[in-house]
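Colleague: Sequences listed follow chains A and B, in order.
So the first sequence is numbered by the numbering used here: it starts at 1 and just counts up by one.
So the second sequence is numbered by the numbering used here: it starts at 292 and just counts up by one.
I should point out that these hints are in silico values taken from the structure, not numbers from a laboratory.
Each residue gets a CB set at the ideal place from its N, CA and C atoms; glycine is no exception.
Hints are supplied without guarantee of correctness; some may be wrong.
Unchecked claim - Computed spacing ranges between beta-carbons, pair by pair:
no., chain 1, residue 1, chain 2, residue 2, range
1, A, 219, B, 321, 51 to 61 Å
2, A, 283, B, 420, 31 to 41 Å
3, B, 416, A, 47, 17 to 27 Å
To be verified - From the derived model, a few chain B residues whose C-beta atoms are all more than 10 Å from chain A:
no., residue
4, 307
5, 348
6, 363
7, 387
8, 391
9, 393
10, 423
11, 481
12, 544
What follows is the residue order along each chain.
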Amino acid sequence: MSERSVADTGPGAGGRVERGIEYGIEFGVSWRRIAAMVERYWYLLRSSWPRLLELIYWPAVQMLMWGFLQTYIAQNAGFFARAGGTFIGAVLLWDILFRGQLGFSVSFLEEVWSRNLANLMMSPLKPIEFVLAMMVMSIVRLLIGMVPVSLLAIGFFGFNLYGMGFALAAFFLNLIITGWAVGILVSGIVMRNGLGAESLAWTIMFLLMPLTCVYYPVAVLPHWLQVVAWSLPPTYVFEGMRALLIDHVFRLDLMLEAFAINVFAFTIGAFGFVLLLRSARRHGSLIQTGE
Amino acid sequence: MQSRKAPESPVTATVPAIAVERLVKVYQRGMAVDGISFALPQGSVTGLLGGNGAGKTTTIAMIMGLLTPTSGTVRVLGADMPRQRYRVLHRMNFESPYVEMPMRLTVRQNLTVFGRLYGVRGLAERIAELARDLDLEALLDRPSGKLSSGQKTRVSLAKALINHPEVLLLDEPTASLDPDTADWVRSCLERYRTAHGATILLASHNMGEVERLCERVIIMKTGRIEDDGPPAALLARYGRATLEEVFLDVARGRVRETAQ
Numbered sequence: 001m002s003e004r005s006v007a008d009t010g011p012g013a014g015g016r017v018e019r020g021i022e023y024g025i026e027f028g029v030s031w032r033r034i035a036a037m038v039e040r041y042w043y044l045l046r047s048s049w050p051r052l053l054e055l056i057y058w059p060a061v062q063m064l065m066w067g068f069l070q071t072y073i074a075q076n077a078g079f080f081a082r083a084g085g086t087f088i089g090a091v092l093l094w095d096i097l098f099r100g101q102l103g104f105s106v107s108f109l110e111e112v113w114s115r116n117l118a119n120l121m122m123s124p125l126k127p128i129e130f131v132l133a134m135m136v137m138s139i140v141r142l143l144i145g146m147v148p149v150s151l152l153a154i155g156f157f158g159f160n161l162y163g164m165g166f167a168l169a170a171f172f173l174n175l176i177i178t179g180w181a182v183g184i185l186v187s188g189i190v191m192r193n194g195l196g197a198e199s200l201a202w203t204i205m206f207l208l209m210p211l212t213c214v215y216y217p218v219a220v221l222p223h224w225l226q227v228v229a230w231s232l233p234p235t236y237v238f239e240g241m242r243a244l245l246i247d248h249v250f251r252l253d254l255m256l257e258a259f260a261i262n263v264f265a266f267t268i269g270a271f272g273f274v275l276l277l278r279s280a281r282r283h284g285s286l287i288q289t290g291e
Numbered sequence: 292m293q294s295r296k297a298p299e300s301p302v303t304a305t306v307p308a309i310a311v312e313r314l315v316k317v318y319q320r321g322m323a324v325d326g327i328s329f330a331l332p333q334g335s336v337t338g339l340l341g342g343n344g345a346g347k348t349t350t351i352a353m354i355m356g357l358l359t360p361t362s363g364t365v366r367v368l369g370a371d372m373p374r375q376r377y378r379v380l381h382r383m384n385f386e387s388p389y390v391e392m393p394m395r396l397t398v399r400q401n402l403t404v405f406g407r408l409y410g411v412r413g414l415a416e417r418i419a420e421l422a423r424d425l426d427l428e429a430l431l432d433r434p435s436g437k438l439s440s441g442q443k444t445r446v447s448l449a450k451a452l453i454n455h456p457e458v459l460l461l462d463e464p465t466a467s468l469d470p471d472t473a474d475w476v477r478s479c480l481e482r483y484r485t486a487h488g489a490t491i492l493l494a495s496h497n498m499g500e501v502e503r504l505c506e507r508v509i510i511m512k513t514g515r516i517e518d519d520g521p522p523a524a525l526l527a528r529y530g531r532a533t534l535e536e537v538f539l540d541v542a543r544g545r546v547r548e549t550a551q
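For reference, chain A alone in the conformation it holds in the complex:
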């Protein structure tokens, strides 16, 4: 991709680009600027050991707690003895979802906390490049947290997440897209409403936890709530995980349905972000990024 993007090319750029810019959507992206933002967040992570530790310790605590619980139950119930690893698998996949969203949102919050948002919004960095950089960083943060914890799961409980093979890739893709869809929307809300909305970044995913059936099958829910659960892409992933670990079947149909809903959810998130950015520009939120 050239250094100068489509939108920089002057009056001949064409009507599609002009309309896109008018609606806050930028079509051309500069990988150099995305890399610069990733570098910025990497500098930050590298400079702060508490930030690095925070990425690892909570997933590790969760995994250990659920792992020991599962070990105890498996020793006393025949079904759970067959359903080896569902709790540990669920907690690891849940962390992909939760940490994926949090990694995205925290990168954005770092800019608000450091009062740097106006510097970025005044620079040639386009919103789409900013979003792409936060997506990359959410994966980086996730890997820093999940790789050591998944290795611990092998050591403590003999549960090998990577043994899921292609299924793990499908689970990961669907969960991370849901995380980004929620993260992008939360970032837009913080951008528009200030740090008063920060708590959303930390808690919003827990609203989904009971509905996405992380630790139990969808069939446990009342019928009317099952309809809601099936409208959420992570539900398909957790059902798919149980099918894989209990019945040893990879449900591609569930993954494709989850992906289709994810495309819709991400579109809604991105569209919401664009609307909130436009609203922030109208209300002066970009120059007053406090409470």
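Following the hints, put chain B in place on chain A, whose structure we already have.
Modeller: Same frame as chain A, now just chain B:
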């Protein structure tokens, strides 16, 4: 500071660097900017004066494309803001003590990130040059959050100059600085302007600063332009010895009788 070639641009020198026409910004709490118009020729240095709430920062934010006008137009180097902002943002920059650099990053890391965002070629050399010019060499590897106010201002100025901006917007660049550091910052701005012929718009409460740096002064009050002209002409018009006295006349509503 080294001078450089004029950038390739479809915009000719006849186009104002900044053109503001009938600009209005209304917030829910009321009118912030009320139909102001002005045009700044390329290479000019203009001071934007006014008390708190006069509309200076709102005007600058609209020029930067951070704020959408309620009505009216802003054009920077011929580009309509904020609609066409990506055509010109790489040719502008700004500095304000109210916007900070990430504190945990070192000065060098911050300048590197912003240099890359602005697509600066020869970035390492540019950072070394700015460090020399702004006396930052000893600070380059220190976290930005550990610097004093004066040092932070110099770093912000380095960030503002990293892309050799043709249009530089400064919102109270010497606020909360001691007189020595403030004087030093003004000298840097004068050197940059002389070397590069940049257009500078400077919002300030410091009348001495405006008198020293600016060839034109726009005085705002409650969102409107109350007066506009070269400092000498304003002094003559109001029969005052200093811009501060002129400012007080405007702020206290003694405009008409004094000016007339």
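Colleague: Just to be sure I understand the hint, the distance between the Cβ atoms of residue 416(B) and residue 47(A) should be within 17 to 27 Å; is that true here?
Modeller: holds (25 Å)
Colleague: With d taken as the least Cβ-Cβ distance between residue 391(B) and chain A, does d exceed 10 Å?
Modeller: Given that some Cβ of chain A is not farther than 10 Å from that of residue 391(B), nearest at about 4 Å, it is violated.
Colleague: Verify the CB-CB distance for residue 283(A) and residue 420(B) against the hinted window 31 to 41 Å.
Modeller: holds (39 Å)
Colleague: The output says residue 307(B) does not contact chain A. Does that hold with a beta carbon cutoff of 10 Å?
Modeller: holds (18 Å)
Colleague: Compute the least Cβ-Cβ separation between residue 387(B) and chain A, then decide whether it is above 10 Å.
Modeller: At roughly 8 Å from the nearest Cβ of chain A, residue 387(B) sits no farther out than 10 Å, so the non-interface label is violated.
Colleague: Just double-check residue 544(B) for me: nearest Cβ-Cβ distance to chain A has to come out over 10 Å.
Modeller: holds (27 Å)
Colleague: Just want to verify: residue 481(B) was marked as not at the interface with chain A; is every Cβ pair farther apart than 10 Å?
Modeller: At about 23 Å from chain A, residue 481(B) clears the 10 Å cut-off, so the statement holds.
Colleague: Is the claim that residue 363(B) lies outside the interface with chain A correct, judged by CB distances over 10 Å?
Modeller: Holds, because the least Cβ-Cβ distance between residue 363(B) and chain A comes to about 14 Å, which exceeds 10 Å.
Colleague: May I ask you to check that residue 393(B) keeps its beta-carbon over 10 Å from the closest beta-carbon of chain A?
Modeller: It is violated; residue 393(B) is separated from chain A by about 4 Å at its closest Cβ, not greater than 10 Å.
Colleague: Using the C-beta atoms of residue 219(A) and residue 321(B), is the stated range 51 to 61 Å upheld?
Modeller: holds (57 Å)
Colleague: Does residue 348(B) really sit off the interface, with its C-beta more than 10 Å from all C-beta atoms of chain A?
Modeller: For residue 348(B), whose nearest Cβ neighbour in chain A is about 7 Å away, the distance does not exceed 10 Å, so it is violated.
Colleague: Since residue 423(B) was said not to touch the interface, does its Cβ keep a gap of more than 10 Å from each Cβ of chain A?
Modeller: holds (23 Å)
In this structure, the hints that do not hold are numbers 5, 7, 8, 9, in rising order.
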